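**Student:** One-letter residues, chain by chain:
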Amino acid sequence: MIYSDIAMDAVLLAVLADLFVLRTQMVTRGIFWLTYGLILPFQLLTNWWLTSKNIVMYSATEIIGRRLAGAPIEDLLFGFSMILATLSLWEFFLALNRRTSKK
Amino acid sequence: MAHFHYAVVLLFVAICAIGVNVGFRLRITHLWRVFLATDAAILLIYTAWDIWAVENHNWRFDSAQILGLRIFAGLPIEEILFFVIVPLMTVLTYLALSKLTKKYGKAQP
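For the protein sequence lines, the chains are W and C, in the order given. Residue numbers for the first sequence follow the working numbering, beginning at 1 and rising by one. Residue numbers for the second sequence follow the working numbering, beginning at 1 and rising by one.
Derived from the structure by calculation, the hints contain no laboratory data. All values reported here derive from a predicted model rather than from experimental measurement. All residues carry an ideal CB built from backbone N, CA and C; glycine is no exception. Be a bit skeptical, because a hint or two may be false.
Only part of the chain C face toward chain W is listed, based on derived beta-carbon distances under 8 Å [unchecked claim]:
| no. | residue |
| --- | --- |
| 1 | His-5 |
| 2 | Val-9 |
| 3 | Leu-11 |
| 4 | Trp-49 |
| 5 | Trp-59 |
| 6 | Thr-93 |
| 7 | Leu-97 |
| 8 | Ser-98 |
Below, computed lysine-lysine pairings styled on DSS-like, alpha-carbon distance capped at 30 Å [to be verified]:
| no. | chain 1 | residue 1 | chain 2 | residue 2 |
| --- | --- | --- | --- | --- |
| 9 | W | Lys-102 | C | Lys-99 |
| 10 | W | Lys-102 | C | Lys-103 |
| 11 | C | Lys-102 | W | Lys-102 |
Work the whole structure out from these sequences, hints included.
**Tutor:** Next up, the structure:
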């Protein structure tokens with residue numbers, strides 16, 4: 001169940017980076033959760049497409065086995081980590097861009 | 001046409017992205033440097049994970065349903081595009097919702 005382990009680590013690392021490395025505090029903002037809530041159904045839709053047609057196939061030994069919309073439940077963790085990392089990095093580089101363009 | 005099964009879902013997301021960018025007048029093209037920096041980091045992390053996962057048989061792709069172009073470390077080109085298009089859509093969704101909540105909701109902190 002290595003996918004389960006890595007997916008959990010990815011969420012943990014994304015949260016730690018957001019709070020303590022990039023210091024963007026996305027997880028404390030309502031707008032982040034609103035964005036996540038809107039993207040989630042679209043993730044389920046693309047997951048369903050990719051897995052129901054067997055475009056992507058997962059090894060049964062590397063996942064817990066519970067599935068949502070066709071895809072391993074771990075995909076929710078992967079998706080959350082990527083959405084959080086993307087928005088956290090975006091806010092970080094946006095602030096950096098503002099600071100450097102002011103000088 | 002089965003070769004387009006993965007690509008078509010990326011096309012769907014890309015069309016949504018262009019629609020949201022134009023519809024909400026987000027003009028993300030003005031901030032291309034910020035997006036490039038963001039996506040470079042995402043690409044680095046998530047393709048590394050993907051390459052490792054494929055090599056260790058965590059998941060695999062049906063070669064009949066992908067374009068068959070493997071430009072980087074044996075990954076299907078769709079996977080690379082996924083890590084560009086999905087973060088782009090994520091940022092656009094965030095910008096559109098930020099704009100909407102500023103317009104109709106309480107003032108942003």
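**Student:** Hints first: check each against the structure and report whether it holds.
**Tutor:** Here's how the hints hold up against the structure:
no.: 1; hint: His-5; in the structure: holds, 5 Å
no.: 2; hint: Val-9; in the structure: holds, 5 Å
no.: 3; hint: Leu-11; in the structure: violated, 12 Å
no.: 4; hint: Trp-49; in the structure: holds, 7 Å
no.: 5; hint: Trp-59; in the structure: holds, 5 Å
no.: 6; hint: Thr-93; in the structure: holds, 5 Å
no.: 7; hint: Leu-97; in the structure: holds, 5 Å
no.: 8; hint: Ser-98; in the structure: holds, 6 Å
no.: 9; hint: W/Lys-102 x C/Lys-99; in the structure: holds, 23 Å
no.: 10; hint: W/Lys-102 x C/Lys-103; in the structure: holds, 27 Å
no.: 11; hint: C/Lys-102 x W/Lys-102; in the structure: holds, 24 Å
Checked against the numbered hints given earlier, this structure breaks only hint 3.
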